[in-house]
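There are 2 protein chains.
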Amino acid sequence: MKLNYLHAHIDRSELLSISRHLKEALSWLRELVEKKEVGFTELPFSSTEHIKALVEKKRRFTDTLVLIGIGGSSLGAECLINAVKGRCSSFFVLDNADPDKFASVISSIDLRRCCFNVVSKSGSTAETIANFMALIEAAKDKMGWEELKKRLVITTDPEKGSLRELCQKESIDSLSVPPNVAGRYSVLSDVGLFPAEYMGVNTDKTLNGAKKAHKDTFKDAPLENPALLIAGIHWLSYLKGKTISVMMPYSERLSLFADWFRQLWAESLGKGGRGQTPVKALGTVDQHSQIQLYNDGPKDKIITLISVEKADVDFKMGDVFEELESFSYLRGHTLKELFDAELSGTMGAFVKYGVPFIHISIERLDEESMGYLFFTYEMATAVSGFLYGINPFDQPAVEEGKRFAYGLLGRPGFEEKRKELEGLISTT
Amino acid sequence: MKLNYLHAHIDRSELLSISRHLKEALSWLRELVEKKEVGFTELPFSSTEHIKALVEKKRRFTDTLVLIGIGGSSLGAECLINAVKGRCSSFFVLDNADPDKFASVISSIDLRRCCFNVVSKSGSTAETIANFMALIEAAKDKMGWEELKKRLVITTDPEKGSLRELCQKESIDSLSVPPNVAGRYSVLSDVGLFPAEYMGVNTDKTLNGAKKAHKDTFKDAPLENPALLIAGIHWLSYLKGKTISVMMPYSERLSLFADWFRQLWAESLGKGGRGQTPVKALGTVDQHSQIQLYNDGPKDKIITLISVEKADVDFKMGDVFEELESFSYLRGHTLKELFDAELSGTMGAFVKYGVPFIHISIERLDEESMGYLFFTYEMATAVSGFLYGINPFDQPAVEEGKRFAYGLLGRPGFEEKRKELEGLISTT
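From first to last, the protein sequence lines stand for chains A and B.
So for the first sequence, our numbering puts the first residue at 1; every next one is plus one.
So for the second sequence, our numbering puts the first residue at 1; every next one is plus one.
Please note: incorrect hints may appear among the correct ones.
[Unchecked claim] When the alpha-carbon atoms are kept at most 16 angstroms apart in a straight line, the in silico EDC-like pairs for lysine to aspartate or glutamate are as follows: (1) B:160 <-> A:420; (2) B:2 <-> B:224; (3) A:140 <-> B:319; (4) B:352 <-> A:422; (5) A:169 <-> B:325; (6) B:169 <-> A:322; (7) A:169 <-> B:322; (8) B:352 <-> A:322; (9) B:316 <-> A:137; (10) B:352 <-> A:399; (11) B:2 <-> B:325; (12) A:352 <-> B:420.
Source of the hints: derived by calculation from the structure; they are not laboratory data.
Computed from a prediction, not measured in an experiment: that's the story for all the values here.
Same shape as in the complex, but just chain A (with noise of 0.2 angstroms):
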């Protein structure tokens, strides 16, 4: 991975001017993680087999994954597969409580020829235990509970939680989130890894790119740390008003990577009136939406964009249309060529309209750099928590909302949050 910060409006100086800052920030997480407070930075060095066991096991009788999560229980591990595989026919998400979406993955799968994975850390999520409610319902025709609990894997709290208790009480195959590591935190534990594996992703090798980033993101000289290059860069770049951070990948398969980045910036850094907003966006097409507001609008903007050098397959445009002279420049050339002329241009254009930006550069998209990456902008994250002066391994602001839906559905004990709700939101 290279990342070039020259033309981020931030340059050397600025950033050694605050690396005792930055070391400071190391220390401070190399503490809590001696205390176990947070785990996430030990999840490279975890074993596999547990999970390709039971990736076997459930193989056997299963070849589709519908993944029954949300947030950062369902972001990380289709990030990792789209990144490695690209759309796969065989992989479903049930994240939403839409029954939209419930209809349409319902509708598209053999009930019996998939594994189901219940996601959920606390084991009660409202909308994955009502998409996990609603599945059973659904299959009652096609399966009484013992058979569809042969193709469960539930991954929770190894103890706590109603999910847990369920596993227990019914032999159900489970997994485990580390209690030390946030949601959003999680895509190198079971939570991220069985899914992957499942769908062909060699997790062995994401945790080898995640132990490279490890090792580079723990060194203390900020100019060769990529996790304190990012952190220091957007920092600085908060404190001179850009309040937006866009994530703008030049791949396809990368897309979701700009969703998983903008959920661990968001409920990460966004407390206490503080936070950068996340943005994500996707180049070329977001040439054709986003780049006349990012060229000449406001310049509150700060840009990543990622790369890939080498294209796993290319196309020749046909040799056609000689005649016309708007068409003919691009004979004779590929679609990666002109996917990496059109990345120059924008980069040209920023520099020229004054928009900063990073460009991150992965030499192949495959599994050990999304292992690099996803690690290291946990790093960076976590660094830019101690950066903002918050807690970014909480979220504090995300509970009344759910209380306050909890009182509507009836939940005992939270009776008084239904009336507070109609006294806030009577439209009247």
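Starting from the structure of chain A, add chain B where the hints point.
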């Protein structure tokens, strides 16, 4: 469509205080329409007979649609089809120049069963022409140019450009983008309606919805005109420091409406240092990703929630897990009930945290409501351009990046741009 702005932090009196300005915006727009400089407002009154005839002709020997277009040439059709029909396994879009995207589409289709709709207003959009030329090359072994031609529909300027030249010379079936309709305002023209009609969307009903919106959005009374309300509220919010406009439908099938809106808002209003940054979100998924930031991060956002009253399908949760306390409140409920409760809970939390929002509620997600939504947002955007004091129909800042890319690819006349680019983004 019901629009509730009780919690937008903008009250009636503030809206009324700019009503003269809003009415002026309508007059300005009416004048542009009369002078035929702006054409999108006339689209609801077009005939669809030529579209239906062409669909019938192509449907005789094809059953799959491949739309080759990007930005304003694809987003509207994708959004409309997805909203009305959900995900379709016989509809593909080739937008990006990423060879991975091309590979994924080409490996999923039977070329001989496809209708290819090539859409480019200028007739020379690089990604579109490149994908078209790569398609011709890839199809070579399966069918010659004459066979491919039968499957083509080219949508472009009625008179100008290389694609039009090609249509005329080779007698290819074609449709038109009215010259006075910018790409992002073109969903209700042939651009959006041919793909939609091909995929089974009733385009007459879509235009009927747009006609109703036409009537409502040319009303002079700001409080009775949804477009003036949307424009006025967003403009006043912008003046109060809301630099970000989040579009968060609570509907999977409306997810792409946020992408369509995102282009419309960004390209139309992001100019001269002005413009709100549009952000795409999705309920309930982003409760588990972005809500922490929205609730407790910087108060720089105004949020639009869109929900659908009546679901087309719904699912009961299984009557199971009686003994698990944290699941039992869900028993007896449906997914839609949970979905609605989550939306209300999010609104309640927004009120408590002081996050301004408007809530748009549509009765059913169908052709009529989509026509209404599209037209209303186009009007709101045009009116906003007047409020910002910028031209909402051009996009001058997207050209520079293209020129650099032409230089890199060796297009005659752009040799100097290549040299200029080398000076700008040298990485040493």
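Which of the stated hints cannot be reconciled with the structure, identified by number in ascending sequence?
-> 1, 8, 11
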